[in-house]
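Visitor: Residues per chain are reported as follows:
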Amino acid sequence: MSAPLHVACVMDGNGRWAEQRHLPRTAGHRAAESAVIDVIEASRTAGVRWLSLYAFSTENWRRPDDEIDFLMGLVRRTLRKHALSMCARGIRCRFLGVSDPRIPVGLARDMADLMELTRDNSGMTLTIAFDHGGRRDIVEAARALIRERVPADEVDERSFAAHLPCPDTPDVDLVIRTSGEQRISNFMLWQVAYAEWVFPEMLWPDFRAEHFLECLRAYRKRERRFGDVRSPTPMVKGSR
Amino acid sequence: MTADATATDPDLSLLGPGSMLHGYCHEVRWGMAVVRATVLEAAHPQIGAALVENSTFVAHPWRRVFNTLGSVQRILDADPEVRDREADRLNRMHHRISGTDEHGRSYSAMDPDARAWVVASLFESTVELNRMSGLSMNGPAMERLYAEFRAFLSVLEGDADHLPATSAEFWPYFDDMIVRGLENTEAMRIILFELFGRMPAPPLLRGHPAFWAASRVMAGPVIAEFLKASLPDALRRRAGLGETPGSQILARGVYLGTGVASRLLPPAWTRTDTVVGLLDPTRADGPGGQLLTTLRRQQARAAALLRLLTPLASERSASEGSAARSAERFFAEVLDQTGDGYVSWPDLAAMAREVASRLDLDADAEERLFDAFAAWWRELASALDADRDGRVSREEYAGAASSLASPALVAVAEVLFDTADTDGDQTISAEEYKALFRTAFPRTPPAPRDGAAHDATPAGAGVRNGDASYSRSRFIREFLDFMAGRRASAGYDSLLSQP
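So the sequences go chain by chain: A and B.
Residue numbers for the first sequence follow our numbering, so the first one is 1 and each next one is one higher.
Residue numbers for the second sequence follow our numbering, so the first one is 1 and each next one is one higher.
Take these hints with a grain of salt, some might be off.
[As the list claims (entries may be wrong)] Estimated spans, in silico, between C-beta atoms of each pair:
#, chain 1, residue 1, chain 2, residue 2, range
1, B, A430, A, D156, 29 to 39 Å
2, B, R472, A, L74, 38 to 48 Å
3, B, A219, A, S85, 28 to 38 Å
Just so you know, the hints here were simulated from the structure itself, not pulled from any lab data.
Built from N, CA and C at the ideal position, the CB exists for glycine as well.
Isolated chain A, as found in the complex:
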């Protein structure tokens, strides 16, 4: 049984993870790093060709300044720490979003550098949604169409999708949102149209390769049921 082509993770629960341990919220973000690395490695070995991670949304700017500053520094350090190993593993790294002027220049430069460094890699494509908003992407695509003066009749789903940022990204097959929250939160709205969602109760810092593989198994099971016309099973609840 083959793996889903495109898996996305909404990495939720860092703050709660820290609060449960009476630690500052920043400790939760720090603990998230190993989950990220674990999931990247697990999806690569499971044969997932596209992995997307929701790291920071356009709404996250409303968080306290201290936490934002910490996050920016953390992302930068993590990115630099793993840049070489991403490149060595043949992973193509991309950032989706990244347009807010509040992003520190050093971080923006490092992101651009990582993309440049790994752009010709042919292994898995890792898309990190940073300062991302699904609606904004759709608005961007609409703007691009208008700017190009594409006649209304010629706009269809395919041509519209071609104007989204990172247009070569295929539809998402499976979205994993940790911590039990069941919301879309403005994440890759266009691409998740037909996605399966699973909502493990686990908080993101505790999420590991085995949980990821469990989600993949749940996805496969669902797909099998989906094809079964005699007993169509409504898909309401997550994997746990």
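Model the placement of chain B on the given structure of chain A, informed by the hints.
Guide: Frame of chain A; chain B shown alone:
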């Protein structure tokens, strides 16, 4: 030198992209020849005096190296118009450099003998580079190279009469100059004994003072020793430069090593553009960066990797730290362009020169710019030079720094705006801004949350959508803020305080 000038008139078509010189100035190892030639030039009394009094190479060596390289590449451009324009610019620049040295002898950067010596020392150093790398040039190649260098001189001078007509006549001239023409000048001593010991970090490593200081401590003396050992024996003896045991072997080893490296490494790695782009990311797409796309890609990737692997600087690096800087630091980083601890006309002239070459100004605009800076200097001198010694010391400046935002400085800002506003629409567009500062527009964050820190925007960062432009008043206000030392700015720092 020869009576029959027409017979030896150099052929300008020798220059251009097919020339040997063009090949050399795109090879990194030629840099060693250039540095050695600089020592030989500095030993010439006229050039040495001009260097000590006017040049910014001690305080801003990297900028000077990169600018010189760009200049040479433009002179070798396939388009004669580009070449002549650059020659005119250089001549205007040199025309402004003249004065009297410490012994009361007058000097001028337009002196034909001195200019011939600059070209002669470059030629000799190039030949020497090849010989020491184990690949001596054959007769015809040397003859051709010499002809090219003479053509180079005649682009600047209009003729090459101050250089011997053939390479066979060149060597007696060169030996004679070494014995009779050169001296142990202050400029030469500065290069040999001080420059490498206090070399500021290249832009890439500016955020890592500890790392740079450590490498400099190790590499500085070796480079200086290498340089000394590679000078002609006669000059070393005359200048009383001692010889450390083993330095000859060192020199030979370095030459051989670089020769081998340039043969073994991928060509993209040993190209000057690649290295300049690495050392100074803001210049990666500047003039001379027209590489084939594949080379570009390799270069971009190598640069990206290097930047990602360079350890992170401490949070308060030069451009991202606090926006306000102390008057002392501003004095050292911006005003004192020659690095001698005083501000005088050569410092301000160096600023004007930098702006003029960035914007590739024509003669009129350049004249206006220099006039504005000169007026500012007169005002500075009368306001700040308390002891009337013709220069402003650090203390004098710190005592009265606030009076810097004066009418003459506003005039400088006005001229700067006019010259940068190339299409004359009374606003500075994103392109015009980039031409002046080699960096994108500063991004203004919507919330005032530590807004100042984000004003420092390096190249490659996004410009606010569409409406980005500078009005005259905003431009002048920012320039005054910067010049009064009230505020750091990525743009002006890249223009004036880059090492």
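Visitor: Hint by hint, note whether the structure agrees.
Guide: To see whether the hints hold, each was checked on the structure:
{"no.": "1", "hint": "B:A430 x A:D156: 29 to 39 Å", "result": "35 Å, holds"}
{"no.": "2", "hint": "B:R472 x A:L74: 38 to 48 Å", "result": "42 Å, holds"}
{"no.": "3", "hint": "B:A219 x A:S85: 28 to 38 Å", "result": "31 Å, holds"}
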